[in-house]
Amino acid sequence: MFYKQFLKITDILNPEFVENFDFWLATLPRNNQKNITASAVAARLGVNYSLAEVILRFAEKQKILAKYYLVKCPDCDYTLDIVTKDEVAGILMHSIYCDECDENKNISADNIYIAYKVILQPDITEDELIRAIEERLDQGECAAVNFSKADSLINSKEDLYEIYYNPSESAYDKFSELRNKLDLDYGKNTTAKGKALEELILCIFNQIKCVRGTNDVKTKTNQFDCTFLCGINTVYLSVLNYLSPCFIIECKNETEKKPNNTYTNKLESIMDTSDAQFGIVFGRIEAASTCFVISREHYLLNKTTSKQKIIVTCCDDDLKYIIDKKVNLLQYLEFKIFQVTSNSPAATFEMFNKDSGVEDL
34 MFYKQFLKIT
44 DILNPEFVEN
54 FDFWLATLPR
64 NNQKNITASA
74 VAARLGVNYS
84 LAEVILRFAE
94 KQKILAKYYL
104 VKCPDCDYTL
114 DIVTKDEVAG
124 ILMHSIYCDE
134 CDENKNISAD
144 NIYIAYKVIL
154 QPDITEDELI
164 RAIEERLDQG
174 ECAAVNFSKA
184 DSLINSKEDL
194 YEIYYNPSES
204 AYDKFSELRN
214 KLDLDYGKNT
224 TAKGKALEEL
234 ILCIFNQIKC
244 VRGTNDVKTK
254 TNQFDCTFLC
264 GINTVYLSVL
274 NYLSPCFIIE
284 CKNETEKKPN
294 NTYTNKLESI
304 MDTSDAQFGI
314 VFGRIEAAST
324 CFVISREHYL
334 LNKTTSKQKI
344 IVTCCDDDLK
354 YIIDKKVNLL
364 QYLEFKIFQV
374 TSNSPAATFE
384 MFNKDSGVED
394 L
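Heads up, the sequence shown is in this note's numbering, so the first residue is 34 and it goes up one at a time.
Don't read these hints as lab results, they were simulated from the structure. Be a bit skeptical, because a hint or two may be false.
[To be verified] Derived DSSO-like pairs (lysine-lysine); straight-line CA-CA distance at most 27 Å:
id, residue 1, residue 2
1, Lys387, Lys96
2, Lys387, Lys190
3, Lys138, Lys96
4, Lys290, Lys228
5, Lys118, Lys67
6, Lys94, Lys290
7, Lys226, Lys251
8, Lys105, Lys67
9, Lys118, Lys221
10, Lys251, Lys118
11, Lys291, Lys100
12, Lys94, Lys228
13, Lys67, Lys182
14, Lys100, Lys242
15, Lys299, Lys190
16, Lys67, Lys138
17, Lys358, Lys214
18, Lys353, Lys336
19, Lys358, Lys369
20, Lys138, Lys190
21, Lys190, Lys100
22, Lys221, Lys291
23, Lys369, Lys336
24, Lys358, Lys291
A quick note: this is a predicted structure, and the numbers were derived from the prediction, not measured.
Hey, can you work out the whole structure from these sequences and the hints?
Now the structure itself:
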């Protein structure tokens with residue numbers, strides 16, 4: 034192997050495929066070490082697209098490749114921009130000028146393509162490289178790099194999740210710091226105790242792109258623990274449509290008392306008199322089972338209306354997924370919504386994310 038990192042997966046993926054990819058990548062001419070796509074790897078090495086995706090993602094995690102995104106004109110296919118993950122959400126929300134068409138273009142996820150470039154050269158001598166190339170001369174030069182629709186962003190749910198929610202390591206450190214404050218001795222200061230959980234929830238949910246939250250909203254009849262505005266509604270990630278145009282989270286920082294129907298009923302009444310489609314009762318321990326029953330009935334009542342109305346409950350167990358396991362928050366909310374819409378309170382997140390030995394490469 035030219036890249037010793039690939040030795041880690043020869044007992045998981047087909048060893049011949051791994052070796053061929055290693056050779057292909059190590060011998061790419063310098064001017065071909067960018068715009069590497071899964072479709073190009075699949076065509077060049079004669080494997081299916083999903084296998085090509087797996088090895089490219091592994092190479093990215095090993096810091097051999099770096100991922101980026103090409104924005105192409107929906108009409109002339111001209112490359113309009115090359116952007117990072119953090120810039121994609123802005124591209125999808127605003128038009129971009131095409132020099133070739135001489136007009137502004139609205140960009141969708143199927144106009145953005147996922148590509149990689151080599152950022153780590155193999156640790157081999159020039160003589161070793163020449164010798165390896167001579168041994169495989171009969172295989173010919175590498176195929177031209179092509180983009181196909183399979184490489185577009187719309188076909189990569191994982192990338193879409195990360196584009197809208199991708200906290201930094203320092204953000205996760207902040208989450209942990211705020212969680213540690215939940216169990217401080219606040220004495221009789223119940224306001225400060227409640228604010229501790231509100232602050233944590235605000236910190237986590239404000240990491241979603243285009244979401245802004247506060248715990249200062251009051252109406253003539255209610256005070257909301259955490260209120261969030263969501264400035265995006267998209268066909269690419271259905272969960273964002275539930276969060277738009279706003280959503281509400283009620284917090285209960287109590288370790289000995291379950292959140293009960295009072296909290297669910299409060300959220301239900303707020304949502305029925307506002308544009309909010311989504312609410313969360315966030316406690317420290319699992320909510321009373323009747324909360325799910327109320328949420329399910331509320332969902333069914335509004336299922337055929339123009340606005341969906343869904344309430345989910347969360348607790349410390351959910352924080353373990355969001356903070357400790359670093360599960361994507363949008364992906365996790367999608368699962369929590371599924372529990373209600375499918376009437377499956379016993380469903381687990383692991384049912385949809387079973388370890389196959391390949392997905393975590």
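Results of checking the hints against the structure:
This hinted pair checks out: Lys387 and Lys96 have alpha carbons roughly 25 Å apart, not beyond 27 Å. Taken as a hint, the Lys387 and Lys190 pair is honoured in the structure, with Cα atoms around 17 Å apart against an allowance of 27 Å. Between the alpha carbons of Lys138 and Lys96 the distance comes to roughly 34 Å, so the proposed pair goes past 27 Å and is violated. Note on Lys290 and Lys228: the hinted pairing holds, with a Cα-Cα distance of about 17 Å set against a maximum of 27 Å.
For the hint pairing Lys118 with Lys67, the CA-to-CA distance comes to about 16 Å; that is within 27 Å, so the pair holds. A hinted pair counts as satisfied when its Cα atoms are at most 27 Å apart, and Lys94 with Lys290 does not qualify at roughly 42 Å. Annotation: proposed proximity of Lys226 to Lys251 holds, straight-line Cα distance about 19 Å (limit 27 Å). A distance of roughly 16 Å separates the Cα atoms of Lys105 and Lys67; the hinted pair therefore holds under the 27 Å criterion.
Simply put, Lys118 and Lys221 have alpha-carbon atoms about 45 Å apart, too far for the 27 Å limit, and the pair is violated. Between Lys251 and Lys118, the direct Cα distance comes to roughly 36 Å. Violation of the 27 Å bound is thereby established for this hinted pair. Proximity of Lys291 to Lys100 is assessed by CA-CA distance (about 44 Å); at most 27 Å being required, the pair is judged violated. Taking the CA atoms of Lys94 and Lys228, the gap is about 38 Å. The hint is violated against a cut of 27 Å.
A threshold of 27 Å between alpha carbons decides the hint, and for Lys67 with Lys182 the separation of about 18 Å falls inside it, so the pair holds. The suggested pairing of Lys100 with Lys242 holds, with an alpha-carbon distance near 20 Å, which does not exceed 27 Å. Taking the CA atoms of Lys299 and Lys190, the gap is near 34 Å; set against the 27 Å cutoff, the hint is violated. Proximity of Lys67 to Lys138 is assessed by CA-CA distance (about 25 Å); at most 27 Å being required, the pair is judged to hold.
A distance of roughly 19 Å separates the Cα atoms of Lys358 and Lys214; the hinted pair therefore holds under the 27 Å criterion. For a cut-off of 27 Å, the pair hint linking Lys353 to Lys336 is broken: about 31 Å separates their Cα positions. For the hint linking Lys358 to Lys369, the alpha-carbon distance of about 16 Å falls within 27 Å, and the restraint holds. In summary, the hint linking Lys138 to Lys190 is supported, as the alpha carbons are separated by about 23 Å, within the 27 Å threshold.
For the given pair, Lys190 sits about 15 Å from Lys100 by alpha-carbon distance, which is consistent with the 27 Å threshold. Distance hint between Lys221 and Lys291 is fulfilled; the C-alpha atoms sit about 19 Å from each other, no more than 27 Å. Of the pairs offered as hints, the one joining Lys369 and Lys336 holds, with about 17 Å between alpha carbons and a cut-off of 27 Å not exceeded. Note on Lys358 and Lys291: the hinted pairing holds, with a Cα-Cα distance of about 24 Å set against a maximum of 27 Å.
Checked against the numbered hints above, the structure violates hints 3, 6, 9, 10, 11, 12, 15, 18; every other hint is satisfied.
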